[in-house]
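Chain residues, written in single-letter form:
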Amino acid sequence: MQPANLLLLTLVLAIVAYWLGYARSRSLAMPLGGIRHLKSLPFYYGARAALWSGIPALIVLGLWAAFQGKVIQLIVIGGLPDGMMPASQGEASLLLSKISNVASGALPPGFAEAPIVDAAERLKALQAQSRLLMSALVISVAVLAGFLGWLRIRPRLNARAQVESILKWVFFACAALAILTTVGIIFSVAFETFRFFEKVPFTEFFFGSHWSPQTALRADQVASQGAFGMIPLFTGTLLISAIAMTVAVPVGLLSAIYLSEYAGKKVRGVVKPLLEMLAGIPTVVYGFFAALTVAPFISDLAASMGIEASSQSALAAGAVMGIMIIPFVSSLSDDVINAVPQAMRDGSLALGATQSETMKKVIFPAALPGIMGGILLAVSRAIGETMIVVMAAGLAANLTANPLETVTTVTVQIVTLLTGDQEFDSAKTLAAFALGAMLFLATLLLNVIALKIVRKYREQYD
Amino acid sequence: MTDQRSQAEIVRQSLKRRYRKERRFRAYGVLAIAIALGALLTLFTDIIGKGYTGFMKTTITMDVQLDGEMMYLDDPTDERQIKMADFVEPLIQALIKEIPGATEEQRNQVRELINPYASVALRDALKANPEWLGTTQTMTFLSHTDVDVYVKHAGDAAYSIKLNDQQKAWVDELQERGVIETSFNDVFFSGGDSRDPSKAGILGAIVGSLLTMFVTLILSFPIGVAAAIYLEEFAPQNKFTDFIEVNINNLAAVPSIIFGLLGLAVFINLFGMPRSVPVVGGLVLTLMTLPTIIISSRAAIKSVPPSIREAAEGIGASKMQVVLHHVLPLAMPGMLTGSIIGMAQALGETAPLLLIGMVAFIVDVPDGFFDSATVLPVQVFLWAGSPELAFIERASAAIMVLLTFLISMNALAIWMRKRLERRW
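Chains A and B, in that order, give the protein sequences. The C-terminal residue of the first sequence carries number 461 in numbering that gives the first Met the number 0, and the numbering is unbroken. The C-terminal residue of the second sequence carries number 423 in numbering that gives the first Met the number 0, and the numbering is unbroken.
Each hint can be trusted.
For lysine-lysine, the following DSSO-like pairs were computed, each having C-alpha atoms within a straight-line distance of at most 27 Å: (1) B/Lys161 - B/Lys96; (2) A/Lys427 - A/Lys69; (3) A/Lys455 - B/Lys301; (4) A/Lys360 - B/Lys20; (5) B/Lys318 - A/Lys38.
Hints were generated in silico from the structure; no laboratory data involved. Only a predicted model underlies this, so the values are computations on that prediction, with no experimental measurement involved.
Start from the sequences, fold in the hints, and give me the full structure.
In structure tokens form, the structure reads like this:
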């Protein structure tokens, strides 16, 4: 049975368990003189039986579905004759895709070696077996556990307390998933990063000023050694982010000031949702706009002024990214400005200061830490932004500060290295994870500092 | 006395300058808003201007003579014969008949006006209606993409017209006679991706997006709400709870591409799940949207006044009953609003899906959660990278469809917030 159908079946079984539990509690209560002699309401006996049946079955189903693919792959690879045993992980994945192509019928068996065809047969058999076993196991666990839960229903049993404590643990597990996600991120990038540093020296990655991740297909190839210096990537990222911030900070901040201090309720009611619309537009749309409209416009403009500009200039990607970040800066600054106590505003105005003087000399200094926090968050978003730069920035890793030239960024390289055909073992793909680790650390640092500043600021005026 | 008067004088004298500064400051604010809104307007007009023609298709309507001899076919019910038969020839002959000046020698030029997939359409039509063999039928086919581009963008310098002057003259005349027409592009909404822009559609991407969103929704909403309930109502004040909160806040700001790396390393490499399937996409997007949903659900729970809790506790409800029977229903509108906004984010997300392989060229409309699929924003990305302007037109049209989805989701969220949220 397919996992999705099995999931539905498990839910159906849990509902059946609920009704059986409900009915049993009532029938046990009858001779005692009605359900008021039960420790809990019948609903809780039913819910308890349902949880007993459903939770273990779901856990088994989840684990089986998660690991069956890997286990089957290992068995299939292990069953190959000695001569075909893959030497590396890269070869293994190549072999596996060949086997699964034969199994799915995409590759006619006549075009593959006999052991591969055998392996494909074995793969199909194992998959069918695994599905059968999984169905049998999940159904029997659901039925057995449900039956046990049902059997143990007694009038004195405090079903409500049990159900509530199980639920509480389920809620806790959901909250703890956040930790699991973080751990997952750290481990998934950390492992590959360590393996990357086994192949490429530490110093080259951090201090090398040359990035060209072509690794050799043959040993005697020209330029067989890829270069993995991340400095050009980081300067490229910083250049584009800096351009984005020079657009986003003044525009975002000034519009937030205008909206919170000057604009009437009506104007605010119209302009604010429109600004937020900018935040709701998918980044791929901005990328499209940057690559196909803004970039040609900039290079034409530069050409008409006699300056040479690349058709994938950093300026185009940065400017469009800035537009994307405007609502982010403006809504964060808006919150911060509104949090400054009205008394400070009134005091300044009462002394005869104009509104702009109040803003510049009183409110802005008071709100500055919060605004800085907001800007740091915006910077972290600019650094991690992917689609705009993938579409509008180039691939050439130039070490330059000229916004009209092409630069590349960390995120662009991650996407380029990991899309398309890849072996999982080469320094090339591992480099993507190393870059990911750097990106994660950089944004994490910015976020932690920014959140701390924002929180501290909030406490100041609460 | 004199001192005071002179101070007042100074203030008065400086007033003009200060008011000027005030006006200038205000003008900066207006300018900033104008820049932001101008950018929004430019973006929309640019995309609509580039893409509205994507909603039109160019067709050729002609009388096709289904001559068995010409097609090497005498029994349309025979699978083998129909596979071998020539369905291009009747189309060419029909079109030559429609063009007065065209001769048999110009057949290759005529052929270039017909879409390469038209013969497939003719074959399918004959397969469905075997009795048509030997008759003449009036049928409508897609034109070649080059004709489509010429008809829509003849005056536009950005588009390179690939037709020669002879062909242009033919197309002009056929258009005048109503043989070549433009109409609403139903192909765009009923097909999957294709190498031929005229044949490319977004149905596959829309279905892929829906499947992915379904997985995301059924996972992220219950988990997010449960996590929010735990953190707001049950979590003890300790280091571990703080740690969970720090994690959630940080995950909300982690770049989306990092979630793609996580998906690649954990779901695909560790668990051996297949690439480019909606389930894996949904799982990755779930992890990505969870923080948003948790944060907004917590805000919704917080806004339920303590008097409700106290009243329920006062008549003997347990903590869990207070939460599930009273707090949760009252917080539900706020939670749903937050989730819709989170789902809108997930629907527009592209970067993590690139890493888990949802960028493959997929022609078929996916028919399950484990079937290779692509999603709407990735389809936009794929078409936007094409050198052919006809695909750029499709990409803009797809963006309009995507934005329509997103704007209606956000409008729904705003409407729900206005309609259902109670002020205490």
